[in-house]
Amino acid sequence: MHTLLTLGELLLFPGLAYLVTVALLLAWVDRKALAVLQGRVGPPIYQPLADLLKLLGKEDLDTEGSDARLAALLPMISLACALTAGLMTPVGNHAVISFEGDLMVTLFLLSVPTLGLFLAGWIVPSVYNMLGGNRSLLQYFCYEVPLLLGLAGPAALARTWRLAALMSAQSAYHWHVLAMPVGFAVATLGLIGKLERVPLDTPHAKAEIGAGPLTEYSGRKLALWRLTAWVQTLVGINLMVAVYLGGADVVWPYWGFGVYAVKVVGYMGGLALVQALYARLRVDQVAEMSWRLLVPLGLLQLAVTVWMGA
Amino acid sequence: MSRVTVPIGPQHPLLKEPIALRLDVVGERVVAAEIEIGYVHRGLERLLQGRTFQQGVAVVERICGICSHAHTTAYCQAVEALIDVDLPPRAAAIRTLLCELERLHSHLLWLGVLSEAIGFTTVFMYAWRDREQVLDAMELISGGRIAHGANVVGGVREDVSPAQAREVLTMLRQLETQLGLYQELVERDRSFHRRTRGIAVLSAAQVQAYGVVGPMARASGATLDIRRSAPYAAYGWLEVPAAVTNEGDVWARAWTRVQELQHSIDLCRTLLSALPAGPLARRVAERVQAGEAVSRVEAPRGELFYYVRSEGERTAARVKARTPTLPALLAMAELLPGLQTGDIAAVVAGCDLCMACADR
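If you read the sequences in order, they're chains A and B. With the working numbering, letter number 84 in the first sequence gets 84, and the count goes up by one each step, no holes. With the working numbering, letter number 218 in the second sequence gets 218, and the count goes up by one each step, no holes.
To be clear, the hints were calculated from the coordinates, so they are not data collected in a lab. No residue lacks a Cβ here, since even glycine has one placed at the ideal position from N, Cα and C. Accuracy of the hints is not assured; some may be wrong.
To be verified - So, partial list: chain B residues that the calculated Cβ filter (under 7 Å) puts toward chain A: (1) Pro13; (2) Glu17; (3) Phe120; (4) Met125; (5) His263; (6) Ala345.
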């Protein structure tokens, strides 16, 4: 019985089926919100699913000169890591896996797709893939530190690296974003870099290097990479909602889930707004912003938090 | 770091028309650039040689999908100079009106392309949405969004009724409100400045050396504008302001064009409020006396030059166009080396290349 329950959690809710469904819905929210902001109609709600299914059915080409097995393996590993990270971030007020330090493990698991993307670009003998992969890795060194600093503030305040504990530390609406707005902004920009969204989307800047590391990919492999990106978006937002926005807020399960869902959709809308408002930064501008602005601000926030908390 | 060759084109998301750029890149910096053109050569100038002068209008209209009216205007002017016919005032005004509407939609198109190149998709969507209004207005007048078929040798074919004039004026008013947004974008938006300021500076000396024309030259301090220096059609009665700045970078090219959007709106208003009465076209003979003529117009991208030679037949002996994209291409080849790869898109889009014009 217990095994069945665990299996259900892993495969249905809040595991694979749930994560994929919500990731697709969230992708639609993203595209629809951006469309509305830009004065367009935007796609129907089933569009991300339709895109995914269509890609899955397309011919899957292997580029000559690349390692076919590795090319097939990388998106699977990346997707698996993103989904595993999804099991650790609270959905509503429940996470399948929860232990002291799960925040760090989640962050680590979320970095794997980036490294996978870099390798996926590197193994294909095409300049767009290579440049895109390089940029992916370069950007990784730019956003990872701010993201970590941004998430370390609440952890230092609540004296825990456990997401469930971080959430309960914000009970009675003592949201961390209110206490640490700078840390929230730094972490959000870090997340935008991680998700490779405008203004930090140099790794796949269409006008410069086509689809970047994924230029030569098609069919199932491309579909899996897409899905990885969408799941990553969901997990990243879950993380921010849990760490900064109070998570589910209330203990009663159904209401809690509703509150959490509203926050996730709201945060996604915020990311779409940022995308609508800014032009893409250049690679050197990303590095400059990250190390000259975000890292000092993140350190400052952390220092203030530690000093206040001591 | 190793040197790699990044091919951009002939097919690439950055390009709206085929052209091949081969960029040698070390790390993120371009060290050498090579440009190859000719992918959309259709032999249109040769095609003109077998056609009557009046049929030629339809051919030159198809040289370019953006500045089609500028091409027919320049061509008709050259032929009209050959047969020595004077344009009726109403025809001149309508020709000019369409020229300015064309400049409006061409500049809006350019703003969209540049914005998309720097990842600013919102501006791209807005600019192209507003451009549709201008195309609708041109369709209202001429019946065509892209190929208007409005010019004929000796005048124009399409009249502008008072009701149409009112509708176009309403469109212009709506466009002007939107224009405030673009002015603010160019003047103040930091996100836009970060990607356009100080990039690919073209000096006044380079403008001279390559013969760069149009908004690109005016962004580098040259006051060159055929509408002002050699007025044609109805420009003689109008006051065309100059939009000149000295920065010479991608930003300056955007600034110049946004200023010109406002100027074009004003010019259209002036023309629509006082359209002269009279015939739309003069009747001209099919056979054109022997001789040669040139004509120049200020197309949206700059000076467009036409040469027409007749040997006394009903068909043209030679028609030659020199389009503004050619010098822009030459200048661009010099601007590319030294750039960061991230700036290539902004520079190539900023040069406002029209390959269909250049290749013909």
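Status of the hints after comparison with the structure:
1. Pro13: holds, 5 Å
2. Glu17: With Cβ-Cβ at 14 Å, over 7 Å, it is violated.
3. Phe120: holds, 4 Å
4. Met125: holds, 4 Å
5. His263: Not OK, violated: His263(B) not within 7 Å of chain A, min 26 Å.
6. Ala345: Since chain A brings a Cβ to about 4 Å from Ala345(B), closer than 7 Å, the hint holds.
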